[in-house]
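Colleague: Sequence:
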Amino acid sequence: MNRQNITYWVVTGLFSAFMIFSSIGNITKDPEAVKMITGLGYPEYFIPYIGYMKVIGSVLILLPMIPRNVKEWAYAGLFFDLLSAFVSIILTEGFSPQVAFFFVFVGFLFLSYYFWYRKMGWLKA
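Using our numbering, the letters of the sequence shown map in sequence onto residues 3 to 127.
Calculated directly from the structure, the hints in this document are not laboratory data. Just so you know, not all the hints are guaranteed correct.
Claimed, not checked - DMTMM-like, lysine to aspartate or glutamate: derived pairs with alpha carbons at most 20 Å apart:
| no. | residue 1 | residue 2 |
| --- | --- | --- |
| 1 | Lys31 | Glu46 |
| 2 | Lys73 | Asp83 |
| 3 | Lys31 | Asp83 |
Input sequences plus hints: build the corresponding full structure.
Modeller: Shown next as structure tokens:
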């Protein structure tokens with residue numbers, strides 16, 4: 003395995019682990035998750051849906067046999083999940099240094115996407 007491939011798997015594994023771990027509270031409707039998400043103005047029935055979609059998207063970007071267009075939709079969905087969470091928090095609670103932590107996860111998402119493209123030979127760099 004070359005360095006580029008190792009980097010892809012490490013970054014993608016860490017990002018997927020974060021997304022799956024963050025979805026557990028949503029799927030189980032943990033009281034803390036419910037309080038946080040309803041505090042952002044989202045209905046309670048939406049919470050498990052978000053959790054399941056995070057898990058599905060995370061699994062799709064991990065599996066190598068998934069077709070390119072499906073994997074790209076999974077990356078897009080995970081990006082919009084993070085972007086929506088960031089915007090919702092900013093609009094309801096204002097900006098704080100803790101919110102800037104979202105940029106770390108978006109960075110991991112972009113790195114995973116970039117190295118996936120390079121790994122597949124679609125991007126020469």
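Colleague: Now look at each hint and say whether the structure bears it out.
Modeller: To see whether the hints hold, each was checked on the structure:
Restraint check: the Cα-Cα separation between Lys31 and Glu46 comes to about 9 Å, which is no more than 20 Å; the hinted pair holds. Under the criterion of a C-alpha separation no larger than 20 Å, the hint pairing Lys73 with Asp83 is consistent with the structure, at around 15 Å. For the hint linking Lys31 to Asp83, the alpha-carbon distance of about 18 Å falls within 20 Å, and the restraint holds.
Comparing the model with each numbered hint stated earlier shows that all of them hold.
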